[in-house]
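Undergrad: Here's the letter readout for the chains.
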Amino acid sequence: MNITEVKENAGPREFGPADDMPEEYRKAATRMIQFHANSEVMGGYLDKEFTRHAPSIDRKLANTAKVQDEIGHAQLLFRAAETLGVKTRDQMLDELAEGEGKFLNCFHYPVDSWYEAPMIDFFVDGGAMRRQATLKSTSWTPYAHAMDKVCFEEGFHVKHGESILRELMQGSKATQERVQETFETWWPRILQFFGPTNDESVHDDFAQSVGLKTTTNDALRNSFLNMYIPKAEKYGLEIPDTPRIYERDDGTMAVREEDLDWDEFWTISKNEYDGSKEQIGSRRRRQEAVEWVRDALDTWESTDSTRMEVAQS
Amino acid sequence: MIWEVFRQESAGDTYEHVGNVHAPDSELAEQFAEVQHARRMQTNSLWVVPADEISEVGAQDAAFGGRTDKSYRWAMTYNDIDASFAEEVADSEEEQREAARKRREALAEEGDA
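Protein chains in written order, with our numbering: chain A, 623 to 935; chain B, 3 to 115.
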């Protein structure tokens with residue numbers, strides 16, 4: 623298939639490993655799914671910190687289950703990316719360890735308190751789920767299949783996150799103030815989660831024309847605002863004055879994007895923020911620590927297939 | 003090595019493809035399939051199959067169901083007979099009507115293309 627044919631045929635779950643896809647499509651899909659897989663890994667690593675901070679055994683159990691989910695999502699997504707034949711899982715994991723792999727902005731900020739749990743588990747995961755729901759109709763079928771399972775599990779993460787937020791906002795005055803303070807730090811990051819405006823997003827047009835993406839960054843961010851601002855206010859959080867949020871003619875909400883720090887965003891997107899280095903380095907050391915497990919599996923694979931060949935000859 | 007995973011929800015259900023896993027041998031493939039594909043969803047059983055062992059025949063390669071008029075083998079053709087006397091006959095006719103509709107749509111789409 624050439625690119626013109628791909629664009630003509632693009633639709634939900636239209637293409638799969640049996641189709642002969644042009645390199646441009648396979649590379650774009652790999653870039654997108656690898657970014658998503660990396661984000662699941664880095665999100666899982668960030669989230670595991672909350673198990674230590676969680677105030678009760680129930681919260682600790684739920685949090686470890688969530689972390690296990692996220693790493694499972696990464697496994698599924700690396701497999702979906704591999705089906706494009708551009709990169710192997712080992713390559714993608716090494717790229718992440720070496721600081722070349724890209725991932726969501728919110729996972730570049732190390733966390734160190736329980737007040738941050740609802741920022742990630744409710745707002746960031748809620749935003750992620752908005753995006754993931756639209757990706758159920760991506761054109762690369764293995765990616766869409768992974769989204770079915772991801773969205774099935776993600777509902778628990780968002781509801782658990784909301785439950786933490788509610789619990790904290792019913793706490794003492796001091797607790798509520800700490801949550802508000804933490805929210806003000808995270809709010810701009812959360813708004814940037816959906817990426818830059820459409821005209822500044824480099825890969826948007828192509829990904830949309832071949833059906834990999836079905837919704838623009840702007841549309842996702844605006845629908846997120848419409849759903850999550852009322853939630854924040856319901857629990858008594860105050861939306862900061864800047865970045866300015868305004869109501870558009872159709873009654874939906876949008877953000878004045880010039881109020882956001884895009885220099886920080888682009889530094890993060892190059893993995894050059896201080897937090898990026900900390901988060902990437904901490905995961906790299908863990909990848910190195912369990913290298914012996916991967917080596918053992920690889921060695922077993924080769925000896926096992928040798929055995930099979932011997933048995934067959 | 004890649005292994006394809008098929009999940010059966012309850013005893014007696016058909017197995018549905020749910021994804022695949024990396025594993026060096028079938029024992030580990032079963033373990034990985036269990037963790038990645040049956041940890042949360044209700045599951046009765048898994049099939050774990052080497053991906054290389056699966057062969058596919060696509061609609062481009064085969065004329066599934068043939069290309070000639072075979073209306074004589076559809077229940078709806080005999081519409082001067084009322085199927086409602088027995089529920090199972092009526093159900094079967096309904097299933098056939100649905101299958102025929104999908105097939106007509108697919109052929110029409112092919113004609114358009």
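In case anyone wonders, no lab produced these hints; they're calculated from the structure. Among the clues, some could well be false.
[Claimed, not checked] Take a look, some chain B residues computed to stay more than 12 Å from chain A by CB distance: (1) ARG41; (2) ASN46; (3) SER47; (4) GLY60; (5) PHE66; (6) GLY67; (7) MET78.
[Stated by the list, open to error] From the structure, some residues in chain A lie toward chain B, with a derived Cβ separation under 8 Å: (8) GLY694; (9) LEU698; (10) ARG701; (11) GLY707; (12) THR763; (13) HIS767; (14) GLU775; (15) ARG916; (16) LEU919; (17) TRP922; (18) GLU923.
All residues carry an ideal CB built from backbone N, CA and C; glycine is no exception.
Undergrad: Indicate, hint by hint, whether the structure satisfies it.
TA: Hint-by-hint comparison with the structure:
| no. | hint | in the structure |
| --- | --- | --- |
| 1 | ARG41 | violated, 7 Å |
| 2 | ASN46 | holds, 17 Å |
| 3 | SER47 | holds, 18 Å |
| 4 | GLY60 | violated, 6 Å |
| 5 | PHE66 | holds, 15 Å |
| 6 | GLY67 | holds, 20 Å |
| 7 | MET78 | holds, 30 Å |
| 8 | GLY694 | holds, 6 Å |
| 9 | LEU698 | holds, 6 Å |
| 10 | ARG701 | holds, 6 Å |
| 11 | GLY707 | violated, 12 Å |
| 12 | THR763 | violated, 11 Å |
| 13 | HIS767 | holds, 6 Å |
| 14 | GLU775 | holds, 6 Å |
| 15 | ARG916 | violated, 10 Å |
| 16 | LEU919 | holds, 5 Å |
| 17 | TRP922 | holds, 5 Å |
| 18 | GLU923 | holds, 4 Å |
Taken one by one, the earlier hints fail for this structure at numbers 1, 4, 11, 12, 15, listed in ascending order.
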